[in-house]
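What follows is each chain in one-letter form.
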Amino acid sequence: MKRKPQVCLEIEPDLVAVATGDAAAGAERRVEHHIDACASCRGEFRRYREIDGVVGALRRAPAAPESVARAREGLDSRLADLKSRLVSYRVFPSPLGHILIARTEHGVSLVEYLGGRTDFGASRLSRAAGLEAQEDGAEIEALHRELLEYLRGDRRHLEWPLDLRLARSDFHRAVLQATASIPYGAVTSYAGIAAEIGRPSATRAVAQALRWNPLPIVVPCHRIIGTSGALTGYAGNQVGLKQRLLAVEGIRAVGTRHDSRVERGRLYHYDRNDQHEYCLPTCGDIARRPIGPVTLLASRELADALGLMPCSACRPDLHPLSA
Amino acid sequence: MMGAQPFETIVGAHHAEIYRYLRRVTSRATEAEDLSQETFLRAYRAYRTLGPDANVRAWLFAIATNLSRNHFRSEKRRRVAHLAVSAESREADPEGPEDEARLGEVRTLVEVTVHGLPLKQRLAFIMRKIHDIDYEAIGRSLDCSAESARAHVFQALRKIRLSLNGHELPPGASPTNMERPR
Chain A
14 MKRKPQVCLE IEPDLVAVAT GDAAAGAERR VEHHIDACAS CRGEFRRYRE
64 IDGVVGALRR APAAPESVAR AREGLDSRLA DLKSRLVSYR VFPSPLGHIL
114 IARTEHGVSL VEYLGGRTDF GASRLSRAAG LEAQEDGAEI EALHRELLEY
164 LRGDRRHLEW PLDLRLARSD FHRAVLQATA SIPYGAVTSY AGIAAEIGRP
214 SATRAVAQAL RWNPLPIVVP CHRIIGTSGA LTGYAGNQVG LKQRLLAVEG
264 IRAVGTRHDS RVERGRLYHY DRNDQHEYCL PTCGDIARRP IGPVTLLASR
314 ELADALGLMP CSACRPDLHP LSA
Chain B
30 MMGAQPFETI VGAHHAEIYR YLRRVTSRAT EAEDLSQETF LRAYRAYRTL
80 GPDANVRAWL FAIATNLSRN HFRSEKRRRV AHLAVSAESR EADPEGPEDE
130 ARLGEVRTLV EVTVHGLPLK QRLAFIMRKI HDIDYEAIGR SLDCSAESAR
180 AHVFQALRKI RLSLNGHELP PGASPTNMER PR
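From first to last, the protein sequence lines stand for chains A and B. Residues 14 to 336 in the numbering used here are what the first sequence spells out, letter by letter. Residues 30 to 211 in the numbering used here are what the second sequence spells out, letter by letter.
Honestly, the hints are just simulated from the structure, not real lab data. Keep in mind the model is a prediction, meaning the values are calculated, not measured. A couple of the hints might just be wrong.
Not close to chain A: a few residues of chain B, all C-beta gaps over 10 Å, as computed [to be verified]:
1. 66
2. 83
3. 84
4. 92
5. 96
6. 101
7. 165
In silico contact screen, one side only, chain B against chain A (beta carbon under 7 Å); selected entries [unchecked claim]:
8. 44
9. 48
10. 79
11. 189
12. 198
13. 199
Virtual Cβ for every residue (Gly too), placed ideally from N, Cα, C.
Start from the sequences and build out the full structure, keeping to the hints where you can.
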C-alpha cells in the first residue's frame, strides 16, 4: 500500500472531525481546501460521512425498555435503603466543648458531647451498626448556628425535625417524646415523666432512658431533675453542663458540684390543679411537695404562654418574684 | 445546601440515559444495571455538596465513567465483555430487506469494534458520539485534556473505519455543510 503524503496525514484528524460533524473552529476551511485538491482524501471524507451515518443509526437504536425499567426498579429499592442508612454529621466547637450533630433524611438523630475529643472516632456514631456516616458541611452548619444562638440565650426553640431511631427502644422513644414537650424555662422530674407516659413506677427506667438520650439540648433532658430538686445526673456525670443549660433558661441551681439543686424559692410552681392556677413558692406547702406532680416555671411569661392563671390566694401577678 | 431539586427528579431525568450509556460500555445487562445503580447511589451521597450551577448530566456521566474504569481495571473482564457483545450482536442481526440487513451487519461490526477499543477510546467515543457530551466534560471524566479526549475519539473512528474496509455502507445521512458529491 502506498504511503500517505505527510500533508494528508496531518489533516486527517480534522478531516475525520469535519466529516463526522465534530469540527474544531477553523478546521472546515482547511479540510475543504485540501479535499478539493486530493482525490484520495475526498474518498476518505465520503467514507467517514458514511460511518457517521452508521453511528447515527446506532445512536437512535432504542434500548430495551424492560431492562431500563428493571434497572430503575433495582435503583429505587437500593436508594431507599441508602437513604434510611445515611447519616451526615459534623463536629464543631461550642461553649460546652466539642459537639457532634448528625442528621438523616428524616431529621436530626444525634447531638453528642465529645468532651475534649474532636474526632469522629469518639462518637457513638462510629460504632452504630447499620448506619453509613458521612461528614457534611452546609446542612449541619445551619443547625450549628442555631445551637450556638440557643446556648447564648438568643434563641428559645430548636425547631428541628427529629429522627429518634437511635433511641434504644419504644419505651425510650416515649420518654424522649414526653421530655421534648417540657417547655423552655420549665422543670419537672423523672417521676413526673414516668407518670406522664403512664408508667408511674418506672422512674429509674426513665432516668436510664434519658441517660442514653441521643439528642441532649434538643430533647431537653436537662429540664428533668430529681423530685427533691437535685440535678442528679447528666450526660454521664457532667452535672455542670446541666446547670449551665438551666441557667440559660433562667433556672438557677445552688450547692456543690456533687450536690446541686434548683432554687425553688426563685421559681413559680404549678401543681396541675383544676383551676390551672400557678403559685408563688410561698403558697401553702407547695414548695415542699415533690417535683413532678409540681412543675417549676422560670417566669410569669412562661405561665401565661402555657395558659395558666395567677393563683387567687398568693397572687403571683401582684407579687412577682424578683429576677 | 441540598441541590436545587429533589434527587428523585435527577433520577427521573437521567437514569435511562446513564443506563443506556453503561449498557454500551459494559455490554451485559446485569453489569449495566449494577453500575447504573452504583452511579446514582454515589451521586446521592455527594448530591448535597453539588453547587447549584453544576451540570448534573455531565457530573453523572463522570461518575458512571469512573465506575466503569474501576470495573474494567481487570483486563480479563474486558475480554469477556468483548466476547459477549460479539456473540450477542450477531444474534441481534435484523432480518428483512437487503439494505436493512446490510445496515444491521455494519452496525454489528461497528459495535464489535467499539467494544474492542482500548477503554479510554471506547468511553470517549460513546460519550461523544452516542450521548453528545462535550470534550471538556469527557476530558474531566477521563482525567485528561479536552484535546486528548478529541484524540481518543479520532482514534476510535479510525479503527472503525479500518474495520469496515471492504464493506459497502449506506450513504452518509448526518447533516453537514460540506456536501461534496463530485
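Comparing the hints with the structure gives:
Non-interface status of residue 66(B) relative to chain A is broken: a Cβ of that chain comes within 10 Å, the nearest being about 5 Å off. In this structure residue 83(B) is separated from chain A by more than 10 Å, as the shortest Cβ-Cβ distance comes to about 14 Å. No Cβ of chain A comes within 10 Å of the Cβ of residue 84(B); the nearest lies about 19 Å off, and the non-interface call holds. Against the 10 Å criterion, residue 92(B) stays outside the reach of chain A, whose nearest CB is about 13 Å from its own CB.
Distance check on residue 96(B): its Cβ is at least 14 Å (rounded) from any Cβ of chain A, clearing the 10 Å threshold; non-interface status holds. Non-interface call for residue 101(B) relative to chain A: holds, since the shortest CB-CB distance, roughly 19 Å, exceeds 10 Å. With a closest Cβ-Cβ approach of about 13 Å to chain A, residue 165(B) is found to remain outside the 10 Å limit, as its non-interface label requires. At its closest, the beta carbon of residue 44(B) sits 6 Å from a beta carbon of chain A; the interface hint therefore holds under the 7 Å criterion.
Given the 7 Å rule on beta carbons, the hint for residue 48(B) holds: about 5 Å separates it from the nearest Cβ of chain A. For the restraint placing residue 79(B) at the interface with chain A, the shortest Cβ-Cβ distance is roughly 11 Å, beyond the 7 Å limit, so the hint is violated. Taking 7 Å as the C-beta contact cut-off toward chain A, the hint placing residue 189(B) at the interface holds, the least distance being around 6 Å. A distance limit of 7 Å between C-beta atoms decides the matter here; for residue 198(B) the minimum to chain A is near 4 Å, and the interface restraint holds.
The beta carbon of residue 199(B) is positioned within 7 Å of a beta carbon in chain A (closest approach about 6 Å), and the interface hint is therefore held.
Figure legend: structure checked against the earlier numbered hints; hints not met, in rising order: 1, 10.
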